[in-house]
Structure formats: C-alpha cells, structure tokens
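Peer 1: Sequence:
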Amino acid sequence: MALGSIILTGGTGSRMGADKALLDWAGCSAVARVAALARAAGAQIVLTVGAGDYGLPVVLEERPQGGPVGGVMAGAAAARTAGCERLLVLAVDAPTIRSADIAPLLACGGVGAVFDGLYLPMVVEIAALPADAAADWPLARLVERAGLTGLSSSGETHARLRGANTQEERTALLADLLAFEAAQKGGAD
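Taking my numbering, the leading residue of the sequence shown gets -11, the next gets one more, and so forth.
What the hints contain is simulated information worked out from the structure, not anything from laboratory work. None of these values were measured; they are calculated from a predicted model. Be careful, since some hints might not be right.
What the hints assert, rightly or not - Derived CB-CB ranges, DEER-like:
{"id": "1", "residue 1": "Ala70", "residue 2": "Asp164", "range": "30 to 36 Å"}
{"id": "2", "residue 1": "Ala70", "residue 2": "Ala95", "range": "30 to 36 Å"}
{"id": "3", "residue 1": "Ala160", "residue 2": "Asp120", "range": "37 to 43 Å"}
{"id": "4", "residue 1": "Gly97", "residue 2": "Gln32", "range": "19 to 25 Å"}
{"id": "5", "residue 1": "Ala88", "residue 2": "Glu157", "range": "27 to 33 Å"}
{"id": "6", "residue 1": "Ala160", "residue 2": "Gly105", "range": "15 to 21 Å"}
{"id": "7", "residue 1": "Gly30", "residue 2": "Asp104", "range": "20 to 26 Å"}
{"id": "8", "residue 1": "Leu10", "residue 2": "Glu73", "range": "30 to 36 Å"}
{"id": "9", "residue 1": "Pro118", "residue 2": "Ala(-10)", "range": "26 to 32 Å"}
{"id": "10", "residue 1": "Ala171", "residue 2": "Leu48", "range": "35 to 41 Å"}
C-beta: ideal position from N, C-alpha, C; glycine also.
Please take these sequences and the hints and turn them into a complete structure.
Peer 2: See below:
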C-alpha cells in the first residue's frame, strides 16, 4: 500500500509561546525533523496540515484550528487524491521521535495502530477512517471508530512520542536529542 504522511501543524502554540513548527531542535526546525522522519519511514508524499507555510505542500482544514480530527480528515483526503492508501499521521510537536519508535506502528497488521494513551503518531488505512468523522471529535473516538490497534510504549520512548507542548517538556526532549546525537556521532568516529 502506498504510504503518505501528514504533519499536523494547526495548533496555536499558546503553551509553548511560539510556533512549534519553527522551533530549533539541534540545528533543524521541528517541521523539517518530522518531515525527515516521515520520508525515512517510506512516505511517498509529506504534507503539512494547517495554515503555516513550512516549505512543504500544505493542506488547509475545513475549519482552521478546529481540532486534530479535522486535520487528519483533511490530510487523508489530500493523501488519497495523491494516490496514497495508508497514512502516517505525525504531530509537529514531536520532532525527537526516532524511526525505531514508530517501526511497530508501521509493522502492525490490520487497518492501523496507535500507542495506548497517545493517539499520535498514528498509522491508518485511509479507507478505514469513518466518513462521518467530525472535526470536533476527540482523537480517541476517531481511533476507536477506525478500529486501530493499541500498542504499548514506555519510558523515554513514550516521552518522545508524546512530544513537547511546554518549554519544560521541550528542554527535557532537547537534552535527550543532543545526548542521542552525540552518542551517534561518537560511534561514527
């Protein structure tokens, strides 16, 4: 199945105090890091959903800032039009996710999967998304109605998957990212 990816960027960033997509994460913007993750996962197309222009194709929600389900449904429609049958949904506020973190989602059979208690990231067959989904639905309802499998996560993986909505969360994730990249660089020498 052809895989597409959407990056939800439609939040206001009020808790962070800035546009989360443009925040610097060790020399790279959040949106660029998330897009690189999507490409590494095999996404044939990477779209952002929200009003911002981040150098990637943009999908506008029917009701701006109407909620993540509205973003998922708008992005899914655009990905389907581009020939994708499966969708990797990522949030821009989780730029430290690693390929290994989302590998279980991509490998899960059935119509798709999420991690228990976290509805993003998500992998879903576009055809499984309920046609009557409303923008104001909670993500939990969309996940349930689509029949996605819940997978477990723990520890620092869970923190990366959850992402950063506050400066405190960003500080912790950035420290983890810098340590990981230093270890990777040290191993390459």
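Peer 1: Against each hint, give a clear statement of whether it holds in the structure.
Peer 2: Hint check:
1. Remark: the range hint 30 to 36 Å for Ala70 to Asp164 is upheld by a beta-carbon distance near 34 Å.
2. For Ala70 and Ala95, the Cβ-Cβ distance of about 23 Å falls outside the hinted range of 30 to 36 Å, so the restraint is violated.
3. A C-beta distance of roughly 39 Å is found between Ala160 and Asp120, which places it inside the suggested range of 37 to 43 Å.
4. The hint said 19 to 25 Å for the Cβ distance between Gly97 and Gln32, and at roughly 21 Å that hint holds.
5. The hinted window of 27 to 33 Å between Ala88 and Glu157 is violated, with their beta carbons roughly 21 Å apart.
6. Range check, Ala160 to Gly105: Cβ separation about 18 Å, and the 15 to 21 Å hint holds.
7. For Gly30 and Asp104, the Cβ-Cβ distance of about 24 Å falls inside the hinted range of 20 to 26 Å, so the restraint holds.
8. Between Leu10 and Glu73 the CB atoms are about 31 Å apart, so this pair conforms to the stated range of 30 to 36 Å.
9. Distance hint check: the CB atoms of Pro118 and Ala(-10) are about 21 Å apart, inconsistent with the given range 26 to 32 Å.
10. At about 40 Å, the CB distance of Ala171 to Leu48 agrees with the hint of 35 to 41 Å.
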